[in-house]
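K.L.:
The numbering used here applies: residue 1035 is where the sequence shown begins, and numbers increase by one.
Since the hints were made in silico from the structure, they are not lab data.
Bear in mind the structure is a predicted one, so any value in this text is a computation, not a measurement.
One or more hints might be untrue.
[To be verified] Pair by pair, the computed Cβ-Cβ distance ranges are: (1) G1473 <-> T1044: 16 to 24 angstroms; (2) T1044 <-> D1110: 42 to 50 angstroms; (3) R1114 <-> T1044: 14 to 22 angstroms; (4) C1211 <-> G1473: 35 to 43 angstroms; (5) E1213 <-> P1486: 36 to 44 angstroms.
[Claimed, not checked] Here are the simulated lysine to aspartate or glutamate pairs, EDC-like style, with alpha carbons at most 16 angstroms apart: (6) K1459 <-> D1639; (7) K1330 <-> E1276; (8) K1127 <-> D1138; (9) K1591 <-> D1639; (10) K1274 <-> E1213; (11) K1224 <-> E1269.
Glycine is no exception: its CB is placed at the ideal position from the N, C-alpha and C atoms.
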Amino acid sequence: MVTERLSFYTSNELKPAGWLRRQLELQAAGLSGHLDNIWPDIADSAWIGGTHEGWERVPYWLDGFVPLAYLLEDEDMISRAKRYIYAIIEAQKPDGWLCPCAEDERATYDTWAVLLMSKVLTVYYACSQDPQIPTVLYRMLKNYYELLSSGAIRLHDWGEYRWFEGFVAIDFMYDRCHEEWLLELSAILKKQGADYSRFTEQWKRPLNRWRYDTHIVNIAMMLKAEAVSFGLLGEAYTDKAEQLYRILKQYNGTPVGLFTGDECLSGLSPIQGTELCAVVELMYSYELLYAYTGDKKWAERLEVIAFNALPAAISEDMWTHQYDQMSNQIACETFPGKPIFRTNGADAHLFGLEPHFGCCTANFNQGWPKLALSAFMHSGNTVVSAVPIPSELKTTDYAIRLDTNYPFENRFTYHIQAAAAFTFKVRIPSFAEHLTVNGVPQTGDMLSFDIPAGADMTLEIAFETTPVLTQRPHDLHAVQCGSLVFSVPIRFEKRMLEYVRDGVERKFPYCDYELIPQSDWNYAYCSAALEVERRPVDEVPFSVEQPPVVIRTKAQKIDWGFEDGYDTVCAKVPSSTVPLSAPEEIELHPYGCAKLRMTELPLVDSAVSARKSDRK
């Protein structure tokens, strides 16, 4: 379904506020803000004339670092971003080729890097308005078209399975010059690229082997393919993303809106992981799906991932991250033997500099900045509050400040000043109950207000949410309240690991950490009563020790052992749901605050009456 095409604001117009700004400041003070000083794949990359990786890692990092720098108006970070961008564009070849490989290597160089860097240049232009970028990008895309159309190169490997990533830049350029070769380039990319609709049967039977067509990051990127390409290809929109999403959810879905993939699709088990790259790429796909189609379901799904899965896989200080996260994660320790994950390694769920593989080290940092740039969108004379996170929007025609602690509370205060008349729309989540505007009851999932010129006004929007037990496979259940999923938190002790591997130093604060459990986790719910308590939002919004909202309920301990052959992984399902202890009140914390957690639990007694809901 396409209702309307929406556009993003620039980082000059839209700024983070409140807890969102604090989250971005933590990111800037952590790993994202220092990779160019501490990590050889960025600091000494072939992209800037060095000897280390010259493919995806610098573009991945810039994709998040650039908007982070401009959103925070950090002059030092902006200067460092420009150093990379200028070095890259100064190395552009006379024929337009931009990537760091020799001319005789182009046919074997995986041009996924071309697609990725073209997208990065559009991000940089949106933030900087640097006038040389459109020319650089034009020459880059024209060269790419000439090489592909002549047969000098063709899509292969990652490029074949990520062909649609180039459409962001192609769309950007076509809006400016409307030249026919851009449409021809679009058609070539689709023709040479993989058709994911052919692979769906393989998604239903996860394999213990690595494949491009079941690779979770490829799939997370793929969901936006039709949305970003149908206009350039002159095709009708069929909502193919929804069709593929439902298959993925049915056979590989998690409580926090992800699909398991460690590293390829992994089924419905709560002890299979999801790669962090997939988290941020799925967020980006949903941001673009909402922008290109105006379909509200993508914005709501974006919220669930952003407020749960993203913070869960990154340490509070944002100096370390996981490669894989699990719904039921009772420890994060190096596996002594064969890892539980289908194709990932022994350290894949440690918190560290580059556990398992370094792609997520560079790529995770796009998550929060791009979410911040999705807070408001626009179409013509209409402004849409797409993701209700604390933000300030200023243009020549209007200024809107959104004060809120959402998703930790359900109240939005919009302060609006208008130099010109416009229409203001607020997306309301489907789970909202008892909706009011300035105290007056309302209904609907998209509120619309006609704002007159000269207006200086405040809109108070509030609603309620009811916590529910959602049904999960294997007779397990998860607790959800609004866009937040809740888990039994497990106290832990950190074990710091400092070492050097392959010439890369891990040292505090960017060393590796194992998390050793220090509290019980073998619970089953014994009550349907779920009591919500909202608390102040800490300086660390997704705080382990001071979560901004908790749910109290009752549970009992049960016999729940370890997965066969592992002493740090709980069994997929408990041995029994017969209670071993008296009921006790437990506190559930937001999934994103609980680094060790049990998210999918059984009921101790099938007679327990619980509210159940199958969230879309």
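K.L.:
For each hint, tell me whether it holds in the structure or not.
P.N.:
Here's how the hints hold up against the structure:
no., hint, verdict
1, G1473 <-> T1044: 16 to 24 angstroms, "violated, 35 angstroms"
2, T1044 <-> D1110: 42 to 50 angstroms, "violated, 21 angstroms"
3, R1114 <-> T1044: 14 to 22 angstroms, "holds, 20 angstroms"
4, C1211 <-> G1473: 35 to 43 angstroms, "violated, 51 angstroms"
5, E1213 <-> P1486: 36 to 44 angstroms, "holds, 41 angstroms"
6, K1459 <-> D1639, "violated, 45 angstroms"
7, K1330 <-> E1276, "holds, 12 angstroms"
8, K1127 <-> D1138, "holds, 13 angstroms"
9, K1591 <-> D1639, "holds, 12 angstroms"
10, K1274 <-> E1213, "violated, 28 angstroms"
11, K1224 <-> E1269, "holds, 12 angstroms"
Comparing the model with each numbered hint stated earlier shows that hints 1, 2, 4, 6, 10 do not hold.
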